[in-house]
Amino acid sequence: MKRSWGWVGLMALVLCFSVLWMTGCAKKRTLQEGAVVTQEQKAVAQAPAEAAATTAPDTRAARDRALQDQALIDQAARDAAEKAAREAAAKAAKDAADRAKREAKEKAAAILKELQIADVNFDYDKYNLKPEAQEILKKGAPAYLKYRDYKLVVEGHCDERGTAEYNLALGEKRATEAAKYLTDLGIEKERIKTISYGKEMPLDQGHDEAAWAKNRRAHFVIFPPVK
Amino acid sequence: MRNLKLPAVLSLLLFPLFSAGPACAKVYIDIDSPSFQQFPIAVADFKPLRPFPENEKLSLLFSDTLSRDLTLTGYFHLLDRKAFLEDPKRAGITAEGIRFEDWTVIGAEYLVKGGFQTDGRELMAEFRLFDVVRGELVVGKRYAGKSGDHNRMVMQFVSEILLALTGEAGLFDTRIAFVKKSAAAAEIYTIHFDGSDPRRVTNLNALTLSPRWSPDGRFLAFTSYKEGNPDIYLRDLESGSTRKIVFYPGLNLPGSWSRDSKRLLVTLSRDGNQEIYDMNVENNLLLRLTRDFSIDVSPVRSPDERRIAFVSNRNGSPQIYIMDADGANVRRLTYLGNYNTSPAWSPKGKKIAYEGSVNGRFQIFAIDAEGGDPQQLTFEGGDHESPSWSPDGRYLVYCVRGYGGSRIEIMNAGGQGVRVLHEDKDASQSPFWSPHLR
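Taken in order, these protein sequences are the chains called A and B.
With the first letter of the first sequence counted as 1, position 206 gets the number 206 in this note's numbering; the numbers rise by one all the way through.
With the first letter of the second sequence counted as 1, position 175 gets the number 175 in this note's numbering; the numbers rise by one all the way through.
In case anyone wonders, no lab produced these hints; they're calculated from the structure.
One thing to keep in mind: the hints can contain errors.
Here are some, though not all, of the chain B residues that point toward chain A, as calculated from beta-carbon distances under 8 Å [stated by the list, open to error]:
1. 105
2. 205
3. 207
4. 229
5. 251
6. 258
7. 261
8. 292
9. 298
10. 311
11. 315
12. 317
13. 359
14. 379
15. 382
16. 430
From the three backbone atoms N, C-alpha and C, an ideal C-beta is built for every residue, glycine too.
The shape of chain A in the complex, shown without the other chains:
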């Protein structure tokens, strides 16, 4: 036991010496450096100090101000840099969002385009679907089976001839016929609404057979899902 205590004492001694030596060296170098700084400061400050010995406190204040200004400028520069970085990040995020939005919009527009069914036309005082009308509906229905959260309003319209009331009924028959055909093609009944505008909302304001033929129609309005 005694011997081990001896070892410890010896180790401590060695440690003490080495610390002393090291700190001695460091101190000496610090002193030397301090001397150099003093000389430099002297050299720098000598000229103005001699030129305006009486205004020495003002000079110091001006220098302080200059330093403060410099600090402020530096701070501003740092702030600007940080701001620019932040903005760049925000812009990148916004661009990404815009792109996503645009893409979503384009996609929605593409879906709407895919879902849009052309008007189908009818003969005078008739509401049966002609073969060409059936073709249009057959072409139009699959998109509604693909995008199941979209709904559809079928509008029935008539040409200007005849009573307002009978035409309201006739327009409703046209809308119902078209809606029924779409239901038969697999679109759920609940997704299709019908409305008749009779002869009250002509597509073509003309008063000839060409205008009337266009106005005797079922028109399809897509209702996108409500978000």
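Following the hints, complete the assembly by docking chain B onto the known chain A.
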């Protein structure tokens, strides 16, 4: 309602200026007979009842308004003032002051004379109708009101003249409802029988159609797309309020009212197809009257309410059918032509007016409600649509759609005496004649 009636300020003080005309039972001239000829009538300038203040302008205003309104009825031939022999300065306005031969010699059968006096804003006027052949007073009235009431006083007296000569009071207390369409919307307006005083009734800023006046004059039922769907609304003309009353999915269209203004025939597609129902307006209870997969629309009641005329295309083209009030016993009424719609049952019960297609144009027809050959009433170019009878059954109002617009016209039940009731830059359509609004 007050604004539709004669104003309350016009207190009609009816002085018995004489004891009623001939003592024997009145024999009215049958103005519906084909041999009817217009009454030759003279209207003398009105005289101030007191020497001061003189008011020549008002004097002419009375006689001119009276002449215009008498002409409007279609029953009178107005004699030219220039042919008058009487010296207006010396003649009186009572039977004693009139030389009747001065009038018979120029061909008059009847003569109207009158006088007026003003007192500040007060206006009093006397009117007398003479039978110059018999040389006696037929009817005389005195009205008190405000200055500016002369128009209403004249209308009142023209009604008296009509009542005395034809047994019916005429139409000066009636208005016509119609739809005026602009680019953005269609709204309901009413206009006086003489074409004056158009008033806007609805302001829904939406497509609005099919006005139907209740027989008590209080309500206008109509259809509007105000909330997207064609629903039936009721406008209370007394309170000025409007409420939505029938709004099933699909079409909701008003037809004709019952005489007690409590039930309304309606066309609804709530059961999947356009069908006709009789609806109690107080509790909205429905009685379904038609059951057919085709279109059934535009129901009108017969005046005795035992039958209903309506439009159906159950045999392929739109035609007019008649059924019993409970929906039983449906029979087809029209056979001529392939498009007959918009029936209107005459208040006298015998005839049904409608529009039919002739050579691609729509014209107004009338057919005996028991069936038979239809009589074509209009022949001009343009499409004539939506006939509606005056409450006395003597006139029809309808719309004419030509190139670029449409207007409202009136003619007598035989198809003569056509005049334009209303025309402006907007399309006017679907006229409906009010009941008497007195």
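Going through the hints against the structure:
Contact between residue 105 (chain B) and chain A, as hinted, is not supported at the beta carbon level, the nearest pair being about 53 Å apart and thus beyond 8 Å. Hint on residue 205 (chain B) is violated. Least Cβ distance to chain A is approximately 15 Å, over the 8 Å limit. With a cut of 8 Å, the hint placing residue 207 (chain B) at the interface with chain A holds, because the nearest CB-to-CB distance is about 6 Å. Hint on residue 229 (chain B) holds. Least Cβ distance to chain A is approximately 7 Å, under the 8 Å limit.
The interface hint given for residue 251 (chain B) holds, since its Cβ lies 6 Å from the closest Cβ of chain A, which is under the 8 Å cut-off. Among the interface hints, the one on residue 258 (chain B) is violated; its C-beta lies about 19 Å from the nearest C-beta in chain A, farther than the 8 Å criterion. Against a cut-off of 8 Å between C-beta atoms, the interface hint on residue 261 (chain B) is violated, since the closest Cβ of chain A lies about 21 Å away. This hint is violated: residue 292 (chain B) has a C-beta 12 Å from the nearest C-beta of chain A, more than the 8 Å allowed.
For the restraint placing residue 298 (chain B) at the interface with chain A, the shortest Cβ-Cβ distance is roughly 5 Å, inside the 8 Å limit, so the hint holds. The beta carbon of residue 311 (chain B) comes within 6 Å of a beta carbon in chain A, closer than 8 Å, and the hint placing it at the interface holds. The interface hint given for residue 315 (chain B) is broken, as the beta carbon of that residue sits about 13 Å from the closest beta carbon of chain A, more than 8 Å. The interface hint given for residue 317 (chain B) is met, as the beta carbon of that residue sits about 7 Å from the closest beta carbon of chain A, less than 8 Å.
At a threshold of 8 Å, the smallest CB-CB gap from residue 359 (chain B) to chain A is about 13 Å, leaving the interface hint violated. Using the Cβ-Cβ criterion of 8 Å, the hint placing residue 379 (chain B) at the interface with chain A is not satisfied: the shortest such distance is roughly 18 Å. At about 11 Å, the closest approach between the beta carbon of residue 382 (chain B) and any beta carbon in chain A exceeds 8 Å, and the interface hint on this residue is violated. For residue 430 (chain B), the interface hint holds, since its Cβ comes within 8 Å of a Cβ in chain A; the closest pair sits about 6 Å apart.
Hints 1, 2, 6, 7, 8, 11, 13, 14, 15 from the earlier list are contradicted by this structure; the remaining hints agree with it.
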